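Hints are included, so try docking the two chains, each in its own frame, into the full complex.
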Amino acid sequence: MEQVLLLLTTGENGSIGKAEREAVTATRNLVCALGGSVWTVGLIGGTISPAAEQLAGCGAAGFVGVEGKEFAVSRYASDAAAAEALCRAIGAGLVLAPGSSRLMRALGGVAQRLGARIDTHVVGLRVQDGAIQADRWYYRQRIEATLTRAHRPWILALDPGSFPPWDGAPGTASVKRVPLELGPEAQRTDVVGLQAVDTGEQTIRPEAELLFVAGAGWTKKQPDGKTHVEEAAHLILEFVRKTKASLGSSKSLVDLAGEGQAVLPFLTHLHQVGQTGATPRHPKGLATCCHGEEPHVVGWRFIGERRAINLDANCGWARGKADVLYVADAFEVLRAALRLLEGNEHR
Amino acid sequence: MNLSFHIVVCAGIVPDPLQTLEPVIGDSGPALKNEMLLPAVLDPWAAHALYEAAHLARGHAGSKVWLVSLSPRAKLQQVMMTVAQKAPFELVALDGPAGGFTDSAEVAGALAAAIEAIPGLDRSRLLLFGGWESAARGAGTTLAMVGERLGIFDQFQGVDELRVEPDGSLRILERVEGGRHQISRCAGPPAVLGWATGSLAEPPNQPQLGMQNMRTILPALQRAQSVALPAAELRFVRVALPSQQRQTRIVRDVAAEEVAREIVDWIRG
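Here the protein sequences come in this chain order: Y and L. In this text, residue positions in the first sequence follow numbering that gives the first Met the number 0: the first is 0, and each later residue adds one. In this text, residue positions in the second sequence follow numbering that gives the first Met the number 0: the first is 0, and each later residue adds one.
In case anyone wonders, no lab produced these hints; they're calculated from the structure. Every value quoted in this text rests on a predicted model; they were computed, and no experiment measured them. In this text, a Cβ means the ideal position worked out from N, Cα and C, and glycines have one as well.
Okay, the calculated bits of chain Y under chain L, using three or more residues with CB under 8 Å as the criterion:
1) 173 to 187
2) 202 to 214
3) 310 to 323
4) 328 to 337
Extracted from the complex, chain L is given alone in its bound form (with noise of 0.2 Å):
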C-alpha cells in the first residue's frame, strides 16, 4: 500500500501578535493602520499545520508539502525568510490582501483555482491542511470552503493529532466542547484537517533548509497573481477597537492571608 500524501497547507500571514492594531476605514473598507508596516508572522494556527504536515511527509516516503498562501507579496517574501527554515515545502504564492476584513468565500475561490493548477498534485492522496481558523478573520470557513470546492467530503476541524494506521485510514482527534476529544477514523485521502495546535513544538531554525527552500520560494513568488478580493456586497457598518479599560487597583504590600481572604470572599460572590 502506498502510504505518501499530497499535502497541501493553506497558510495566510497576520501581524505580529505583539503588535497594537488599530483599524482604518479606507475606501476599500476597513483594514489596519500601517498594516503594510506592521512586522508580519505566518498564521499560528496554520503554522501548526505546516509543522505537522512536514513531520507527516518526513514519515511517508514519496510526500511532498505545499504551501499556498495569499498574501501581499512583499510581506509574505519577508515571512519566508523564517519560515522557509523550519520545514521543507514548495510555495505556492498568491499576491492579495491577507487582513481579516476579507471575504471567507473570496479567499476561498482563489485558493482552490491555486491548488487545482499545482502541477503533478495526485488528488486522490491529498491532505488539505491549515489552521482551523485565522488569527485575522477567525472565521473558520475558508478551509471547508475550499474542500468542498475541491470535492473532498472528509473534513476535520480543531484537529490536534493524526495518526497513519497500518491500513492507511487516518485517526484523528478533534476539539470539542468541554476540553475534550472527538476521535475519528477516516477510510484515508483525500480529507481536509484544520490544526488547533497539534502536538509539535515549533521547529528550530534550520539555515541550510532555508537556502534550499528560497531557491523554490523566491521564482514562486515572482510567479504570484494578483488576487482581487472586492467582496462587494459585504459592507461595515463599524469597526473599532473595544472600548474596555479598567480602572486597576493594585494592592501591594499586604499580607497573602489577607490577600487570599479577599480573594476566597469575591470568589464566594
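Next up, chain Y with everything else stripped away, as it sits in the complex (with noise of 0.2 Å):
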C-alpha cells in the first residue's frame, strides 16, 4: 500500500488553479488503479482554507497543510521547507504536484532533504502488475520513455496540461496545520513582485485556443528589395489580438533582437519556442515564415492541429511535421485574413 501526497500551492486568494486540479485528477486516478492506498492533500500557502472546500470532494483521505504569510510568496527556501514538513508528517512514499514554476523550484531540493528521488514534466501515470509507471519525453520532446522506480520517496511533478482538470463540487473540510517556523536562512530572499515582458502588450496566453509563431522569414528582404519590420509587427500584433493567440517565434528571431538588429521589438526569448524555448499546448498552432527546422518544431510537440505558411514548399513543416503547408506570402496571406477578421467585428 502507497501512501500517497498530493502537494499544491495556493493562490493569492487561498483558492487553486488549474495546473493542481489536474494534479488531483492524476492523483485520484492513480490512487484507484493502486488499489487500496490512502491518499492525501498537501497545502502550502497564505491561506489554505479556501483551497480545503474547493477540494472537499475529491476524495482525498484528509487535509494538511502549512500555512502562514511567509509561505504565501514563491520563494525556494519557504516552499522547500514546507513541502519537506508536509512529506515528513504524512510518511509520503509517493508525491505528487503539479510542475508549477513554483513547486518547479522547490522540488528537487525537497527530494534531496527527504533522500527521494524524483521525475518531473511527468505527462502520463499507469499501473501495471502492481507498479506505477510514469511516462515522460527525453531529450527536448524527441524521444518519449516510460520509467519506473522501487525507490520511495517518490516525487513525481505532473506536466500541466496533461491531465483533465477535477471539476466536482465544494464543500466543508478541515485542514491539520502541521506548525513550521522558518530560520532567518530561510528568509534571506523576498519576493519583490511579479512583472510582465516589457513588450507594451501581454502576448503569450498559455490558455488561447491557437499559437501563433513569428519566424525569422518576416525580417526578410521582400519581393521588392526591401524589408517591412515595422509592417510585419502590426500585422503579426494585429493577428495575435483579434484571434486572441498566444505569440511564440522561433529562436532566430530573437536571437537577431540580442544582436541589436532591427527586428520585431515585441519578441523576447519568453517568446521562444523550440529546443532552447518554450513547448506550449495549445489544440491549434500556425507557423508562419519559419522553416520548420527539428530544434524548432520540437517545441511544437503537444500542439494540436498544426498549419504552416511558408514560401518555400520543400520546408520542415512539408516533410510530416504540418498538418496543411501554406505556400504563400505570409504577408498577404495576413493582410487579408486581418481583413476578413475585420469584417467579421464590423457585422
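Written as C-alpha cells, this is what we have:
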C-alpha cells in the first residue's frame, strides 16, 4: 500500500488553479488504480482553507497544510521547508505535485532532503502489475519513455496540460495545520513582485486556442528588395489581438534582437518555442515564415492541429510536421486574414 | 564591501540539436544510437549560464569562474575546443555519462563532491550557476540537489536576469507562468541560479582566449575522475521515438485571399 501525498500551493485568495486541479485528477486516478492506497492533500500558502473547501469532494483521506504569510510567496527556502514538513508529517512514499514554476523550483531540493528520487514533466501515469509507471519525454520532446522506480520516497511533478482538471463540487473540509517556523536562513530572499515582459502588451497566453509563431522570414527582404519590419510587426500584433492567439517565435528571430538588429520589438526569449524555448500546449498552431527545422519543431510536440505558411514548399513543415502547409506570402495572407477578421467584427 | 564572486557553472554536453536521435537499449539501459559519434555541444541553457557568469565576473574584480562538467572525457575535450574560446574559466572535469537516461540524484552527488573539492573556493561568495533544465533529461532538478548538498537555501530557476545591487544584494528575475517574471531580492551569495536564456548573445570566438583556457583545460581533462551512475533502481519500461508523422497537405498556387479564408475558418473552428 502506498502512502500518497498530493502537494499543492494556493494562490493569492487561497484557492487553487487549473494545474493543481489537473494534479488532483491524476492522483485520484492513480490511487484508484493502485487499490487500497490512501492519499492526502498537502497545501502550502498564505491561506489554505479555501483550497481545502474547493477540494472537499475530491476523495482525499484528509488535508494537511502549512499556512502563514511567509508561505504566501513563491520562494525556494520557504516552499522547500513547507513541502519537506508535509512529506515528513504524512510519511509519504509517493508524492505528486503539479509542475508549476513554484513547485518545480522547490521539489528538487525537497527530494534531496528526503533522500527521495524525483521525476518531473510527467505526462502520463498508470499502474502495471502493481508498479507505477510514469511517461515523460527526453531530449526536449524528441524521445518518449516510460519508467518505474522501486525507490521511495518518489516525487512526481506533473506537466500542466497533461490531465483533465478535477471539477468536483466544493464543500466543507478541515485541514490539519503542520507547525513550521522559518529560521533567518530561510528568509534571505524577498519576493518583490511580478512583471510582464516589457513589450507593451501581454502576448503570451497559455490558455489560448491558437499558438501563432513568427519566424525570421518576417524580417527578410521581400519581393521589392526591401525589408518591411514595421508592417510585419503591425500584421503580427493585429492578428494575435484579433484571434486572441498566444504569440511565439523561432530562436533565430529572437536572436536577431539580441544581436542589435532592427527586428520585431515585442519579441523576447520568453516567446521562443523549441529546443531552447518553450513547449506550449495549444489545440492549434500556425507557423509563419519559419522553416520547420527540428530544433524549432520539438517545441510543437503538444500542439494539436498544425498549419504553416512558408514560401518554400520543401521546408521542414512539408515533411510530416504540419497538417497543412500553405506555400504563400505570409504578408499577403495576413493582410487578407485581417480584412476578413475586421469584416467579421463590423458585422 | 567585497563584491566579488566565486561562480561555479555546472554544464553537461548534449548532442547537437540538428542531429537525428535514435534510442537504443543496451546492457546498462537506454542510450542514444552512436552516442559517442554524435557531434556534441555544451548544453544550451548551461551555456547561457556560462556567458552570464563570465559577464558577471568581468564586472566584479576578483571574481572567478569554474566550469564543472560530468561528461565523457573525449567528447568533452572536443566541445571545449569551441567553448574555451567563448569565456575565461577553469575546468573541473568528471569522466562519466552525459546522457539523459541517468538519475539526477546521482549526477548531483558527483557534481557536489567535485565542487566541494575545488581548491580555494570561497563558499560564502559562491554563486552556483547552470541551466534550469538540460536538453537531455530536462528534469530541472540536478542543480537544486547540488545546491542542497552544498547547503545553499536561496535558489532560483528560469533566471533571465541577475543584477548586483550596490549593497551586494542580488536582484533576480525568474520566469513564471504566463510569460511573466518574478522579481526577487536575495541578501547575497551563496545562491543557486538555474538560467534560462538570460539576455546575452553568444560571445564570438576568441582564439587567444581559447589558447589561454586550454592550458588549464587539458590538464583538467587528464585529471578527470571516472564516475559511474548505475541508477540501479530506475527501470525504463519503454524508450521510443514519437510516432507522430503527419500527412502534410501542401497548398500552393492559391490566391492569398483564399488561403486567408481557409485559415480564418480553421481558427474559428
